[in-house]
Amino acid sequence: TQLLEQSPQFLSIQEGENLTVYCNSSSVFSSLQWYRQEPGEGPVLLVTVVTGGEVKKLKRLTFQFGDARKDSSLHITAAQTGDTGLYLCADAGGTSYGKLTFGQGTILTVHP
Amino acid sequence: DAGVIQSPRHEVTEMGQEVTLRCKPISGHNSLFWYRQTMMRGLELLIYFNNNVPIDDSGMPEDRFSAKMPNASFSTLKIQPSEPRDSAVYFCASTLKSSYEQYFGPGTRLTVT
Numbered sequence: 001t002q003l004l005e006q007s008p009q010f011l012s013i014q015e016g017e018n019l020t021v022y023c024n025s026s027s028v029f030s031s032l033q034w035y036r037q038e039p040g041e042g043p044v045l046l047v048t049v050v051t052g053g054e055v056k057k058l059k060r061l062t063f064q065f066g067d068a069r070k071d072s073s074l075h076i077t078a079a080q081t082g083d084t085g086l087y088l089c090a091d092a093g094g095t096s097y098g099k100l101t102f103g104q105g106t107i108l109t110v111h112p
Numbered sequence: 113d114a115g116v117i118q119s120p121r122h123e124v125t126e127m128g129q130e131v132t133l134r135c136k137p138i139s140g141h142n143s144l145f146w147y148r149q150t151m152m153r154g155l156e157l158l159i160y161f162n163n164n165v166p167i168d169d170s171g172m173p174e175d176r177f178s179a180k181m182p183n184a185s186f187s188t189l190k191i192q193p194s195e196p197r198d199s200a201v202y203f204c205a206s207t208l209k210s211s212y213e214q215y216f217g218p219g220t221r222l223t224v225t
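So the protein sequences, as listed, match chains A and B.
Quick note on numbering: the numbering used here labels position 101 of the first sequence as 101, and the sequence is numbered without any gaps.
Positions in the second sequence are counted from 1; adding 112 to them yields the numbering used here.
Note that these hints are calculated values from the structure, not bench results.
Please note that a few of the clues may not be correct.
Here are the computed distance ranges between Cβ atoms for each label pair [what the hints assert, rightly or not]:
| # | chain 1 | residue 1 | chain 2 | residue 2 | range |
| --- | --- | --- | --- | --- | --- |
| 1 | A | Lys-57 | B | Ile-117 | 14 to 20 Å |
| 2 | A | Gly-40 | B | Arg-176 | 23 to 29 Å |
| 3 | A | Pro-39 | B | Asn-183 | 37 to 43 Å |
| 4 | B | Glu-195 | A | Thr-51 | 23 to 29 Å |
| 5 | B | Ser-170 | A | Thr-51 | 28 to 34 Å |
| 6 | B | Gly-171 | A | Ile-13 | 29 to 35 Å |
| 7 | A | Val-50 | B | Gly-171 | 38 to 44 Å |
| 8 | A | Thr-62 | B | Gly-128 | 48 to 54 Å |
| 9 | A | Val-50 | B | Pro-193 | 42 to 48 Å |
| 10 | A | Gln-9 | B | Thr-223 | 22 to 28 Å |
Think of the CB as a built atom: it goes at the ideal place given N, C-alpha and C, for glycine as much as any other residue.
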């Protein structure tokens with residue numbers, strides 16, 4: 001059974017700071033997704049990475065996929081209060097039905 | 113499109129009562145997933161359907177939990193009888209089989225007293 005570990009579990013920072021959160025797998029990712037979940041809402045897809053070494057940028061967010069496809073990081077530059085939420089990584093491997101395996105998540109709080 | 117619709121948004125019930133959670137997936141999506149989220153266990157997959165057929169229900173915790181998808185636009189998750197440890201947020205998500213991008217509903221916050 002694949003295990004996804006996310007770190008840190010909690011992160012509390014001031015607006016304007018930079019931060020990085022990590023996702024590691026016990027086995028190779030088929031493809032990796034990052035979701036953000038705001039309080040009181042369901043998770044929303046941010047990005048999908050497929051190729052080892054891939055880097056994707058989404059405004060102030062930079063996603064990296066490890067060369068061996070067993071780890072990934074999400075870097076946020078100049079965090080804003082609107083970035084507050086739960087960040088989840090997920091692996092899309094294993095079946096052809098769109099099933100995902102989620103990590104436990106990183107709870108990010110950005111203070112004004 | 114209105115997105116995935118779940119009802120009710122909040123449910124408070126007493127131990128032993130039957131609880132039914134409802135989900136309407138996005139039109140045209142052919143896979144539907146039920147999740148449970150708690151602080152302790154994170155986001156757990158309970159069951160998922162493809163073309164209205166249950167594919168994997170290994171995440172359903174006990175026989176007290178059951179799920180149905182009578183047609184492509186409606187699914188239910190039923191807990192009978194409910195217990196306090198069932199208190200959680202229950203999410204429904206849908207996707208196109210080939211896409212892997214899951215669209216989540218807003219969730220139902222269930223409290224069993």
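Each hint, compared with the structure:
At roughly 33 Å, the beta-carbon separation of A/Lys-57 and B/Ile-117 lies outside the given 14 to 20 Å, and the hint is violated. A C-beta distance of roughly 27 Å is found between A/Gly-40 and B/Arg-176, which places it inside the suggested range of 23 to 29 Å. Look at A/Pro-39 against B/Asn-183: about 33 Å separates their beta carbons, and that is not inside 37 to 43 Å. For B/Glu-195 and A/Thr-51, the hinted distance range of 23 to 29 Å is not satisfied, since their beta carbons lie about 45 Å from each other.
Judged by the Cβ atoms, the range 28 to 34 Å given for B/Ser-170 and A/Thr-51 holds: they are separated by roughly 31 Å. About 34 Å separates the C-beta atoms of B/Gly-171 and A/Ile-13, a value consistent with the hinted range of 29 to 35 Å. In this structure the hint that A/Val-50 and B/Gly-171 lie 38 to 44 Å apart at CB is violated, the actual value being about 26 Å. A C-beta distance of roughly 50 Å is found between A/Thr-62 and B/Gly-128, which places it inside the suggested range of 48 to 54 Å.
A beta carbon spacing of about 44 Å between A/Val-50 and B/Pro-193 agrees with the range 42 to 48 Å that was offered as a hint. Separated by about 24 Å at the C-beta atoms, A/Gln-9 and B/Thr-223 satisfy the suggested range of 22 to 28 Å.
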